[in-house]
Amino acid sequence: MPQPLNLLKETPSQTAGPYVHIGLTPNFCDITGVYPEDLGTVMVGEATKGERITVTGRIFDGTGTPLRDGLIEIWQADASGRYPGPTDPRGGADPHFTGWGRCPADGETGVYRFETIKPGRVPWPDGRMQAPHISFWIVARGINLGLNTRLYFPEESAANAEDPLLKRLEHQARVPTLVGKREGQTITFDIHLQGPQETIFFDI
Amino acid sequence: MTEFGINTPPETGAFLPRDRNWHPPAFTPTYKTSVVRAPQKALISFDNSLSEVTGPRFGHNLIGPNDNDLIINFARPGEMAIGQRIIVHGRVLDERGRPVPGVLVEYWQANAGGRYRHKKEGYQAALDPNFGGCGRSITAEDGSYWFRTVKPGAYPWPNGVNDWRPAHIHFSVFGSGFAQRLITQMYFEGDPMLKLCPIVNTIADPAAIEALVAPLDMSNTVPMDARAYKFDIILRGRRSTPFENRREGN
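Which chain is which? The protein sequence lines are A and B, in order.
All you need for my numbering is the position in the first sequence, starting with 1, plus 937.
All you need for my numbering is the position in the second sequence, starting with 1, plus 28.
No lab work stands behind these hints, which were simulated from the structure alone.
It is possible that part of the hints are untrue.
Stated by the list, open to error - Distance condition first, Cα-Cα at most 27 Å in a straight line; then the derived BS3-like pairs of lysine-lysine:
| id | chain 1 | residue 1 | chain 2 | residue 2 |
| --- | --- | --- | --- | --- |
| 1 | B | 179 | B | 258 |
| 2 | A | 1104 | A | 1118 |
| 3 | B | 148 | B | 69 |
| 4 | B | 69 | A | 946 |
| 5 | A | 1055 | A | 1118 |
| 6 | B | 179 | A | 1118 |
| 7 | A | 946 | A | 1055 |
| 8 | A | 986 | A | 946 |
| 9 | A | 946 | B | 223 |
| 10 | A | 946 | A | 1104 |
| 11 | B | 258 | B | 60 |
| 12 | B | 147 | B | 179 |
| 13 | B | 258 | B | 148 |
| 14 | A | 1104 | B | 69 |
| 15 | B | 258 | A | 946 |
As the list claims (entries may be wrong) - Which residues of chain A face chain B? A partial, calculated answer using Cβ under 7 Å:
| id | residue |
| --- | --- |
| 16 | 964 |
| 17 | 1026 |
| 18 | 1066 |
| 19 | 1079 |
| 20 | 1081 |
| 21 | 1127 |
| 22 | 1129 |
| 23 | 1135 |
In this text, a Cβ means the ideal position worked out from N, Cα and C, and glycines have one as well.
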């Protein structure tokens, strides 16, 4: 036998379940007094640089029914394309921007909503620039392992056309599932878990 | 932020790919809700960019003094939650066995009778007025975390006619990159409900199921106070090639 590689196995995922709010957004489900506020509710402040946008939408299951118990987290670069925190080796991100948000779907309508800024462009590993995008992570009852997708911007058609990830997708007809619809400062991004309009999900 | 030794490259490399035969697949029909919530098309794979290797960071100042004590963090002054008092502790490591310090671990659970404090919950078991069910920690330098709680009860759910969840605690864990984001459930050693649970059985490999079962840990019991269970969490490791971290223009 050769030497073992000594790698551990990642802890397997399980569904977040219908009561994910108890742990991740307790104030949202009326468990008050434990945390001052739910984490990830506020991403920007007055001093944050960049264009204010609202990102909103719903998650639909394979029957076209909106999920009313889903939860979304987003992660994005600042207006100049830098990520907050120590793991962007370039540093220099806007100190007034968290880059990260968390929002449960509304318990009646299924609508989620983030108040954020439009991200700048971030390099691909080979140095080409990606189009502006926001990374999404979706968990819910019935989802065994969190789903990863990305939101791109409709007004960035030139950047989207040269985006190294979008360009390499075989089924170009599916690319529009990753592009939001824009009205003013509001970008609507509906996510379809299954079916003919199925959103592209990534194995990252 | 972790300090890096002189010969230790900063951990900014791409993550090792997920083993999706080890994780549960999306479509697991005996867990009924997964049927219409599972994508039918293949996931698109690509090597990590900065968007995946970076992730949010939370400071220790986020954590309040009672955030890791579910016995008192929702209780009225001077009162405590009812149930079997336990300490849950463990370490967050990566696949290379290295501690993952300074990351947020969140946990939530039902009370001792299996009742969740949630408006959409209809189980007749009583709420405990002194139990909320949520807590959080930030891992120490050695990747360790711990919290005090009551052991949750088993819980019936509308899947099959007579399906019951084993006693479990939900966990949400951040690493240093968004691609490490993980939600899972911890189960308790020796629970006979484990074999019967459609959610546990979304995982095909028995060894992967065992990785979610916390052993009783009498070495960390507090005598005359609380028993202990150990639950280590393994996050994705990063590729270690030093050249990865020296890209031109980065």
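(message) Could you work out which of the previously given hints the structure breaks and list their numbers from low to high?
(response) As far as the earlier hints go, 3, 6, 7, 8, 10, 11, 13, 16, 18, 21, 22 are violated by this structure, in ascending order.
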